[in-house]
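Q: The chain contents come next:
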Amino acid sequence: MITLTTDFGAGSPYVAAMKAALLAGCPEATLVDISHAVGAHDLEAAGFVLWAGTRHFADGAVHLAVVDPGVGTERRPLAVQLGRSYWVAPDNGLLSCLLRESRQQPEAVQLQRPEGASATFEGRDLFAPAAAALAAGARLASLGQPVEDLKRLPEPTPRVLWVDAFGNLVTSLKPPVSGVKLGPVSVRRAARTYGEVGQGELFYYTGSMGFVEVGVSGGRADELLGAGPGTAIQALGS
Amino acid sequence: MITLTTDFGAGSPYVAAMKAALLAGCPEATLVDISHAVGAHDLEAAGFVLWAGTRHFADGAVHLAVVDPGVGTERRPLAVQLGRSYWVAPDNGLLSCLLRESRQQPEAVQLQRPEGASATFEGRDLFAPAAAALAAGARLASLGQPVEDLKRLPEPTPRVLWVDAFGNLVTSLKPPVSGVKLGPVSVRRAARTYGEVGQGELFYYTGSMGFVEVGVSGGRADELLGAGPGTAIQALGS
Amino acid sequence: MITLTTDFGAGSPYVAAMKAALLAGCPEATLVDISHAVGAHDLEAAGFVLWAGTRHFADGAVHLAVVDPGVGTERRPLAVQLGRSYWVAPDNGLLSCLLRESRQQPEAVQLQRPEGASATFEGRDLFAPAAAALAAGARLASLGQPVEDLKRLPEPTPRVLWVDAFGNLVTSLKPPVSGVKLGPVSVRRAARTYGEVGQGELFYYTGSMGFVEVGVSGGRADELLGAGPGTAIQALGS
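So the protein lines, in turn, are chains A, B and C.
The opening residue of the first sequence carries number 22 in my numbering; numbering runs sequentially from there.
The opening residue of the second sequence carries number 22 in my numbering; numbering runs sequentially from there.
The opening residue of the third sequence carries number 22 in my numbering; numbering runs sequentially from there.
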């Protein structure tokens, strides 16, 4: 099992090239696309989608993540083991959310660039072959030298992390809170589902990923509040 | 074989979470995405895409469909058997087109909510595990109590059901007709393919799904006619 | 292994119908989507994505490509063998880039239309069954009569072939060049990666697909230069 998370865009031949490299190295692999539209300009938000999209996969899965504005620069290419699963990604902070949410101690190695690897497409020539090797049973230690001090972005200030297809705001807050303040608007109505509140009413709830979310019955909270990934928020106390 | 049809948006971590649940319950499953962009505001149109996208799959396939504006409310979660294939979906009318087009008598059970299922993400915690169980060989009757009177939307008035990527209008009409009227425009030219009509000429034909469609050679019928899903039409008699 | 490249749009039930036909004919096949958003109005650009997306797959892969504005007209449906891999596609020029880039001599047959095939959806009824048969081990010669003189588009004049998700321009030029001229702008700065140039600086480089590309550090070259697929360019000599 190998999942893919990139910012290459759906339908990009770069994604196809990575899949070819994955299947060349591990023909038996089941490939699952997480997203190819995560925003590279916001590695915290990209890392949230990576964490949220990969967290339910079974032990032994390999998660390939290439969101890499610094390709070709000196940031380290990594393979990271958490529990019995693997993440293969650049050491640029993309794994911050995952490392924060996991209770496991990460083990990591710095991948070695193969001879002749493209300077601009390490996804195909470096990351995908490493992910395929892990999926085919290679041990982490065989892929490179151990490294520590993985790059972690600073703990995010309270903010919107992601907006789902229905306009619900997934925030960086964890329960319990007594409400959420976005700009001038305080959302103090708590509910478990849309069915509990009146049409057009804003409410907050603990979403399926364990974070506090803000929705509005019969509408889109992102449009109503003019909010999106990165919008600053405040937790309301009791 | 398990197919997925949702309104979660391509690249959503919710889709990934459902796939993880499917593969946890049935590791051998082949997953096929039908669409993650069907419109929840129009369950008739969403149901058309579900029917059109799943109808060619072989006996034994399991089709997971989560377009569920009423998640968390009292509508029943279902598993439905038609012939030797299965559809797992909320009982909100989404299966209307399928039930109308099928000659098989449906058998259905009401799924039981597992302990600890998220109130807002039954796709992951309720529907996907049920679909995986069916794909792994579970019998329908093992998943819940039999139910009847599945919710069916009223037979749609003549309308555009779906617009394909080329702008062709798939209507709810079945042949034979002598033409299609959309607003002030009557399309009376019949053809089998684009090649038979002149550039810019509107025509109607029986599409690959058995419904009457309207196209225009060298252009987009949706733009030319200002039509989209839901646009009212009339069948022209002889 | 079967890949799919179409202009049907992501989430189209037509793609699902083709996958059902592929899996009916070859249940063991691994399906990989290359793109369902290639532009039919530009068969040269569509063919570039097809070549770029399929070139890394292993020997024996079958590549199904349905970008077919002339469906239902007299263009021939083809299966083409290059080395030990196969492309199944209409004979409308879509394979031009592939045939130009390959060093192999193509062998091709004209597919036979099955009885009852839809006039408007040969992807499902003609191309997909042929691709499945090849994936299941059928020999090329069993699918139809040999044909020669495959349709090839004229060698493209220097132009932008494709724009990636980051705004980089993939041109039709091969190295070595001493720069690229787009309209009034001459790009004479060569670099290997973004890290080598200053913020906002335009540069050219040999991309991961072997073509000359134009990028800008910290920005989008397509927006900066107002360029897209089809934009005329000039190679700068030394």
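Hints are computed from structural coordinates only; laboratory data are not their basis.
Note that the coordinates shown come from a computational prediction; the quantities given were computed from them, not determined experimentally.
Among the hints, erroneous ones may be present.
Same chains, same label: a pair holds when it works inside one copy or across any pair of copies.
[Said to hold, decoys possible] No more than 25 Å apart at the CA atoms, straight line, and that leaves these computed lysine to aspartate or glutamate pairs for DMTMM-like:
#: 1; residue 1: K202; residue 2: E65
#: 2; residue 1: K195; residue 2: E136
#: 3; residue 1: K172; residue 2: E244
#: 4; residue 1: K172; residue 2: E49
#: 5; residue 1: K202; residue 2: D146
#: 6; residue 1: K172; residue 2: E217
#: 7; residue 1: K202; residue 2: E169
#: 8; residue 1: K202; residue 2: E122
#: 9; residue 1: K195; residue 2: D146
Q: Which hints, by number, does the structure contradict?
A: 3, 4, 5 and 7
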